[in-house]
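Novice: Read off the chains here:
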Amino acid sequence: MTLAIVAVVAVTGAALGIGTWGVRVARTTSDLFVASRAVSPWWNAAAISGEYLSAASFLGVAGLMVKFGASALWLPIGFTAGYLTLLLFVAAPLRRFGSYTIPDFAEARLPARGMRVLAAAIVLLISGCYLVPQLKGAGVTLRAVTGSPYWLGVAIVALIVALNVALGGMRGITYVQAFQYWVKVFAIALPAILLLIHLGGLPARAALFGNELPRAGASGMVITLDEAETLTFPDTGAVRVVGPGELRLAPGEAVPVAEGIDAQTGEEWSRPVNETGRGSPLLVYSLLLATFLGTMGLPHILVRFYTNPDGSAARRTTVRVLGLLGAFYVFPGVYGLLGRAFTPELYATGDTDSVVLRVPSAAWPGWPGDVLAAVVAAGAFAAFMSTASGLLVSIAGTVSHDVWPARRRMRRRRFRAAAALGMIAPASLALATREVDISVLVGWAFALAASTFCPLLLLGVWWPRLTPFGAAAGMLAGAVVATGAITAGLISHASEDTAVGALLAQPAALSVPLAFGTMVLLSLRGRPARDVAATMAALHVPERVPV
Amino acid sequence: MSILDVYLRRLRREQLRLSLLSLVAFGGAIGALPLILYLLPGLHDVQLLGVPLPIWLVVVPPFPLFFAIGWLEQRRADALDAAFGEMLGDIEQ
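So the protein sequences, as listed, match chains W and P. Note that this note's numbering has the first sequence beginning at 1, numbered continuously upward. Note that this note's numbering has the second sequence beginning at 1001, numbered continuously upward.
Errors might be hidden in some of the hints.
What the hints assert, rightly or not - Away from chain P, derived, C-beta distances all over 12 Å, residues of chain W:
{"hint": "1", "residue": "E267"}
{"hint": "2", "residue": "G326"}
{"hint": "3", "residue": "D370"}
Stated by the list, open to error - Listed next, the stretches of chain W that the computed footprint assigns to chain P, with coverage defined by at least 3 CB atoms under 8 Å from CB atoms of chain P:
{"hint": "4", "segment": "110–123"}
{"hint": "5", "segment": "529–538"}
Since the hints were made in silico from the structure, they are not lab data. Glycine included, each C-beta is placed from N, C-alpha and C at the ideal position.
So that you can see chain P by itself, here it is in the shape it has in the complex (with noise of 0.2 Å):
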């Protein structure tokens, strides 16, 4: 196995575990949301605007949280392609 296998072998699994973790990142805090929803059922009688606090809950916030952690995920997976491109650089020279 070259060095280059081993360097690769490395990328890949960084990538996996940075996907990993925003997969539980974004999963848990969905996950959690219809649960939280069945649990809290008082949540229902407060209101903000006249529309009950659970309706927000579903239609607002899980989709920032989306593009926040899309974008996270993104620039840190750029970084871990550069990164591995500088390293294969070094061993050329």
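Next comes chain W alone, as it looks inside the complex (with noise of 0.2 Å):
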């Protein structure tokens, strides 16, 4: 335990420290909001991937691989195709168009009063929704770890992120983002690496692959409840509420699940596609559609291509990224299988998001496991730490750039204070909805990138006749219906087994095409802006190419 704390004050420190570095460069207002455009393919690529990796990549695949089966190994599918979408489509137009931030681009490309701020505020919305469950996470993690209460976890990662991002602004961000992703790709992939090796394969196989259940050793099992759980015990299907204390399971009893987790036996667990639940074609379809499209729409993502040096250099840096997140991915599934065969009991506490956390001293005890336990800790603050940043730069860019503009010489300052200012809402809101399921938040804030931004940047970057009225409308049919669509699914706990439970869960299938149709069907009934030969010029036209 205090192995973990060191390793993640040494994580921490760090980052500091690079920021401060960053801050001694970061002189000029053009470094604080994207680096004086001068940063490097690799140490972009590390950057974006280190701000890309989250809470939900890091301790939110195995988690959900824990809870549900196989099929949350479409999510890593989904989180990186989006990126070869964002390089197909947008990135080197959007970097050669050389605005800051989308709101930039919306009232740029379209202009009209009102579309700047519409987007602004998708902007504060979409980076809001993804802010909460890193601080979240944070607090849960530290809990984890060594036991603090839950609110420390959540404040001391607000405090430093919004001293980091005031302090250094972008430059310094992309410094310790790149430090971030090496520290993340170390963090997952050595402790995987060394449990794999100690432990010779899998183990428990019949209950990861075969037709068991997982069950309690040769000597029992002693699951400790922190709270009151509903627990069903699958060998005899009685449903019992336990605790708070210890539940003793007899040996070979198999392990009760709480309330929201079904009983699987390893064959349907461990199948990506199955006939219902998670795994059933259309809620992976919609899943792959959300992720897919949705990536492209955060903006905390979108910004950071505006410090490539050119068109050319930010799809090379989109080309590095697709390699450097596919690195890490590989290694969620393994926590995964060692998780279910290792910690059956996160299926009785509910606590699987943890499971990362906890699967190295449980599959190699004594004090290997406690190292490798504060190596993945370090990892998850890192992961944290680094998209917290990155969402905190959009959200102060957005406030000191589009809300609340200042005139030159003050922007340095508007910027700072809108970094802290930034940070209270979230962190308050983290503190208030602990009992809010992180996933929840995540979906949307995917859902609602998929269906405004997505369809305003491609059908802004390729199609002339869009027109502000249309894209306008578009953003905000989309924002609606997918808002809509997750608050109904929410209220009426519609099962996903069905589909419009499925759709109501996961709506990006729905209102992605309406926010498209809308776009085009309202844009082809009105008449495109005057000088958009010119804003098209400026999209396509190479930098090298005097025009």
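Using the hints, put the two chains back together into the complex; each one sits in its own frame.
Specialist: Pasting the structure below:
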């Protein structure tokens, strides 16, 4: 446990140190916003990957895999494929266009009053949605590792990130993010590889791939429940409220499952595609669509493309990102498999999000497991810090640039004030919404991004006839339908096994075509902007060509 | 409409065609994967290093595929940009 604290402090300290070094380099306003646009493709790619690999990637994928099965493995595919669509359609043109933020792009491409404000409002909404779960993850992790109160982890990460962003801006953050990418890859890969070598293969194979449920070992099992849980005992089908306290299982007894989890045999659990449940083809395709198109619309990802020196460098950066993400995403599945074998008590406590943190000590008792657990904890902290920093940069940039603009000399101070203020609301929300499921907020952010900024960018970049009115109406329609569906799904508790329930939980399949359709139909009826030819030239003419 | 506009429109079309082609390539491969696994449940009994084949198929091959398609697209797109630049250079001379 002390080891874990040391590792977390070391990584956090190193991040602060690099951030401070970045401050000395960050002198001009341009440094703060876009790192003077002179970051090399490798640095930029590591920074983008560092920023993107969030709590959802580091802890969430393995946690969902333990909870629902191998269908969670589609998530990394969607997360990475999102970057490929970004490369194919928007990376180079957006960089050439030369705006600081998405609201800048929206207003320059579609000159209309209100366009900037609408885009800025959506940026703040998506960033906020995404920032809250990062802070919550920090609170949960610090609690799991050290036993500290939940609010402490939230407060620590909120404070460090706000300081780092306010002082270093984008340039300091670029180096911090790049550093944190390598921390994360190391922290997830090394323990996974060493554990597999130590174990010499996967244990409990019947419960992983065969016709068995996870069961207590030959000497039984003791599960500590922090709160009272409604448990289903698969052997007898009995449902009982148990705890708080210790629950003893007889040798060979199947591990009970908490509310919201189905007891699955290894065979059902390990299929990426299934007849029903999370692995049903409809849900898999809807999830792929949301992640696929949502990535492009995440504001903290797009703002980073402006730090490339030119459009061609933006393309090269994105290709490197694809490689770096792929290297990371091989490993969450390993923790999912090991987690089902070694920490089946998580099915009873429902705390599957902590599986990555718990597997090393459970699979390799003694000091080696503790050292590896400390490494993993440090990586998890790097994950919250880097994603939260990127989100805060985009929040502060949007507030100080679009919502509450300042004259030239005041800009830097305004950016810093916005960074400090921008952290207060999400941090309070994270403290207040401890009970809300993390994946709900993340899913909403992706669905919102896919049904607003994704059509705006795709049509804005490639279709000259897009009109401001059509774009605004489409974004509003997409945002309203995505939000409405998720809210309706939460209220009605519709089962994801039905087609309607699946669409409510994962509305991208509905809201994205609707947003595109609205934009196209309304634009066809209106007249495109007058100087659209010049705008299109700015998007598509390569930099080295003097026109 | 000037000759520049004509060339620029052609460049935009070519870039868009290249992007759509790449999208079809990787969308087809990744989009077919869930369907293949759904239609061939027997793949689950084939094991590699003790892990069922479907898990391998989902965890490993998509990522090199993304990288390869991205790399090819980037080279081709840069080449299209360069050709456009040369063409404009010829006109000016």
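Novice: Hints first: check each against the structure and report whether it holds.
Specialist: Quick rundown of the hints versus the structure:
no., hint, in the structure
1, E267, "violated, 7 Å"
2, G326, "violated, 3 Å"
3, D370, "holds, 27 Å"
4, 110–123, "violated (count 0)"
5, 529–538, "holds (count 3)"
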